[in-house]
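In the order they appear, the protein sequences are chains V and S.
Numbered according to full-length UniProt numbering, the first sequence spans residues 1 to 320.
Numbered according to full-length UniProt numbering, the second sequence spans residues 1 to 392.
Hints are computed from structural coordinates only; laboratory data are not their basis.
No experiment lies behind these values; they were computed from the predicted model shown.
The reader is advised that the hints may include incorrect statements.
[To be verified] Derived Cβ-Cβ restraints for the label pairs, each shown as a range: (1) S:Glu-387 / V:Pro-222: 19 to 27 angstroms; (2) V:Arg-27 / S:Ser-42: 27 to 35 angstroms; (3) S:Asp-359 / V:Arg-27: 17 to 25 angstroms.
All C-beta atoms, glycine included, are put in the ideal place defined by N, C-alpha and C.
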Amino acid sequence: MRNLALIALALTAQPALADRIFVTNERGNSISVLDGDSLEVIHTIDGLQRPRGITASHDGKVIYVCASDDNLVRVYDAATFEELPSLPSGPDPELFVLDPVGDRLFIANEDDNLVTVVDVNTRQVLAEVPVGVEPEGMGVSPDGKIVVNTSETTNMAHMIDTTTYEIVGNILVDGRPRYAEYTPDGQTLFVSAEIGGTVSVIDVPSQTVTHKITFDVPGLLPEALQPVGMRITEDGTKLYVALGPANRVAVIDVASDEVTDYLLVGQRVWQMAFSPDGSRLYTANGNSNDVSVIDTATDTVTESVQVGQQPWGLVVVPTP
Amino acid sequence: MMRREAICGALVLAGLAGPALADVTYRAAVIRVDAPGPLPISRLDLPPDDLGFAGAALATDDNMTTGAFTGQTFETISVVATPETAEAEMARLLDDGIFFVVTLADAATTVALADQAGDRALVVNAAATDDSLRGADCRANLLHVTPSDAMRADALAQYLMWKRWDSWFLIAGSHPEDVALAEAYTRAAAKFGAKIVEERTYEDTGGARRTDTGHVLVQAQIPVFTQRAPDHDVMIAADHAGVFGDYLPYRTWDARPVAGSAGLIPTSWTPAMEAWGATQWQNRFEEGASRLAQEEDFETWVALRVLGEAATRTQGGDAAAIRDFILSDRFELGAFKGQKLTFRDWDGQLRQPVLLAADNVIVSVSPQDGFLHQTSTLDTLGIDRTETECRK
Numbered sequence: 001m002r003n004l005a006l007i008a009l010a011l012t013a014q015p016a017l018a019d020r021i022f023v024t025n026e027r028g029n030s031i032s033v034l035d036g037d038s039l040e041v042i043h044t045i046d047g048l049q050r051p052r053g054i055t056a057s058h059d060g061k062v063i064y065v066c067a068s069d070d071n072l073v074r075v076y077d078a079a080t081f082e083e084l085p086s087l088p089s090g091p092d093p094e095l096f097v098l099d100p101v102g103d104r105l106f107i108a109n110e111d112d113n114l115v116t117v118v119d120v121n122t123r124q125v126l127a128e129v130p131v132g133v134e135p136e137g138m139g140v141s142p143d144g145k146i147v148v149n150t151s152e153t154t155n156m157a158h159m160i161d162t163t164t165y166e167i168v169g170n171i172l173v174d175g176r177p178r179y180a181e182y183t184p185d186g187q188t189l190f191v192s193a194e195i196g197g198t199v200s201v202i203d204v205p206s207q208t209v210t211h212k213i214t215f216d217v218p219g220l221l222p223e224a225l226q227p228v229g230m231r232i233t234e235d236g237t238k239l240y241v242a243l244g245p246a247n248r249v250a251v252i253d254v255a256s257d258e259v260t261d262y263l264l265v266g267q268r269v270w271q272m273a274f275s276p277d278g279s280r281l282y283t284a285n286g287n288s289n290d291v292s293v294i295d296t297a298t299d300t301v302t303e304s305v306q307v308g309q310q311p312w313g314l315v316v317v318p319t320p
Numbered sequence: 001m002m003r004r005e006a007i008c009g010a011l012v013l014a015g016l017a018g019p020a021l022a023d024v025t026y027r028a029a030v031i032r033v034d035a036p037g038p039l040p041i042s043r044l045d046l047p048p049d050d051l052g053f054a055g056a057a058l059a060t061d062d063n064m065t066t067g068a069f070t071g072q073t074f075e076t077i078s079v080v081a082t083p084e085t086a087e088a089e090m091a092r093l094l095d096d097g098i099f100f101v102v103t104l105a106d107a108a109t110t111v112a113l114a115d116q117a118g119d120r121a122l123v124v125n126a127a128a129t130d131d132s133l134r135g136a137d138c139r140a141n142l143l144h145v146t147p148s149d150a151m152r153a154d155a156l157a158q159y160l161m162w163k164r165w166d167s168w169f170l171i172a173g174s175h176p177e178d179v180a181l182a183e184a185y186t187r188a189a190a191k192f193g194a195k196i197v198e199e200r201t202y203e204d205t206g207g208a209r210r211t212d213t214g215h216v217l218v219q220a221q222i223p224v225f226t227q228r229a230p231d232h233d234v235m236i237a238a239d240h241a242g243v244f245g246d247y248l249p250y251r252t253w254d255a256r257p258v259a260g261s262a263g264l265i266p267t268s269w270t271p272a273m274e275a276w277g278a279t280q281w282q283n284r285f286e287e288g289a290s291r292l293a294q295e296e297d298f299e300t301w302v303a304l305r306v307l308g309e310a311a312t313r314t315q316g317g318d319a320a321a322i323r324d325f326i327l328s329d330r331f332e333l334g335a336f337k338g339q340k341l342t343f344r345d346w347d348g349q350l351r352q353p354v355l356l357a358a359d360n361v362i363v364s365v366s367p368q369d370g371f372l373h374q375t376s377t378l379d380t381l382g383i384d385r386t387e388t389e390c391r392k
């Protein structure tokens with residue numbers, strides 16, 4: 001009887017996830033690797049200092065990590081966890097974005113008010129683009145023509161042409177902008193502002209802020225609602241916004257720009273990442289040292305998994 | 001003495017800024033009034049020549065970087081004055097059309113400068129912590145970016161209550177500003193439920209602060225001075241004048257920690273601060289100034305970022321627009337404290353978390369969890385709307 005139940009469960013379960021989740025632990029100076037099925041830590045990568053931003057090559061085979069205190073982008077084989085030759089990053093890299101082709105990393109250098117462009121194949125710096133004070137958030141348009149950088153003290157989203165490496169537009173947003181995310185059609189850009197407590201909705205063709213999404217959680221003071229990391233679903237209908245010290249992820253209906261739900265996750269939720277099939281969203285919770293798992297079909301938090309100290313960001317790739 | 005710091009490095013970016021905007025130049029000043037006085041107890045506390053001005057230069061630089069995208073230029077004039085020359089220097093700045101003046105001065109001089117400026121300039125106090133400036137002596141054209149004595153005392157008190165160190169032995173100096181600071185601690189004790197078991201006065205009898213092997217004498221004096229106190233958890237030093245605070249730790253009769261003007265110190269900044277992106281600020285500052293930042297440098301940076309933020313948000317507004325915006329409820333500023341900072345409309349004080357720093361590290365940041373307020377937890381620190389004596 002018990003066996004039958006297990007078989008039935010297996011038949012009705014979602015397609016096997018078989019993913020690997022790589023989590024940067026900013027304070028732990030490590031990367032925790034989790035198995036997407038068991039949600040157990042299967043490996044820990046050590047030997048890097050203050051890892052923060054993390055992303056993967058589009059085929060999922062290579063992991064790139066901003067090692068802020070090494071002043072490098074560290075590179076790992078996603079299958080063997082072996083370290084590959086590092087990439088130059090400029091000083092204190094925090095966040096970066098890989099262009100849609102997969103050849104160039106656009107890296108925010110907080111200390112130097114620069115965005116550094118690096119060719120991941122030749123490991124050469126292609127350009128340094130001067131931007132506002134304390135560049136942080138990086139986003140890329142779906143067609144790869146524009147990279148957006150947000151500067152935390154200048155409070156702008158800078159639109160950088162990826163061919164000429166020149167700034168073609170600057171959009172003023174609210175205080176301490178942290179992250180930039182395009183809709184899949186490239187027509188709308190969301191920019192989160194940590195101190196301002198808003199997400200600016202930007203009409204891309206006209207480069208104007210058309211709306212500001214605000215947040216309200218009963219029992220929480222407004223200053224605790226600090227939008228940071230964001231992720232939009234592949235179909236562009238839902239935007240998830242990590243609210244930092246509010247310990248919640250807001251779910252936004254993109255069509256109406258309305259907040260439809262607040263999901264309670266771990267403490268100081270920072271960056272997030274989807275599983276490759278989009279069925280799960282993982283969040284890095286810096287102050288509770290764990291990762292929350294959100295089922296995106298039901299928008300419920302299903303599990304939390306302990307990782308290293310102060311998890312900052314994560315990326316999920318299919319198991320090779 | 002006047003010094004101009006026009007920073008042009010970022011100007012080359014202006015051409016990239018998309019639609020051309022009318023170029024606006026904002027000219028501000030920082031006036032530092034150096035009063036003659038005794039040397040500090042420790043030679044580590046000797047003020048650098050560019051104290052406060054280096055923070056102003058960084059803020060101007062940061063404002064210029066942003067200004068490159070908005071068609072705005074910022075220039076900051078640094079003025080060193082004495083209590084005797086402050087008025088003449090201020091007159092010169094006002095005649096020069098400067099409408100935003102940051103002051104590093106004592107309370108009396110700060111009020112005098114604000115009165116002199118009248119409606120010609122907005123004055124931003126970046127140094128005087130006195131509660132009187134936010135209370136009976138407040139002015140409509142005077143803002144305070146530095147946390148008041150009451151905010152600092154409350155910040156420390158919240159942490160001590162969290163530690164359950166609720167009996168305090170208060171040592172106050174004999175200068176009027178020390179007495180006022182001791183009153184802030186007395187008020188904080190009553191507010192948060194601590195008990196001051198005894199208050200003792202450390203008389204400033206003059207004499208040299210630093211003599212060769214002076215520690216021999218101090219080592220003999222302090223245990224004797226602090227003996228026979230009722231049982232207490234912590235000693236609080238109220239030493240605004242800097243006469244004795246640093247002599248207390250490790251020399252007290254009872255083995256108790258020291259807080260306040262020495263030991264665990266409530267402050268708005270230390271070079272050890274790294275939270276909420278502060279490392280980037282420290283790196284930028286140290287690169288430009290070739291030294292560690294002091295509290296005065298952070299305060300002048302905040303003060304001039306107030307101007308920069310208003311210039312950005314008003315899209316190049318004039319003096320009146322800038323002033324209106326800063327005094328409105330639309331103003332907010334990010335300044336590496338983990339949340340937006342805003343001005344209290346009842347006394348012009350910038351709401352902000354207060355750091356609790358000891359030696360080489362940040363021990364905590366107040367407000368502490370659990371101290372609640374109906375509008376902002378930051379208003380658990382300092383004088384609240386219903387308590388203010390400000391009638392501006």
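If any of the earlier hints don't hold here, list their numbers in rising order.
Checked against the structure, no hint fails, so every one of them is satisfied.
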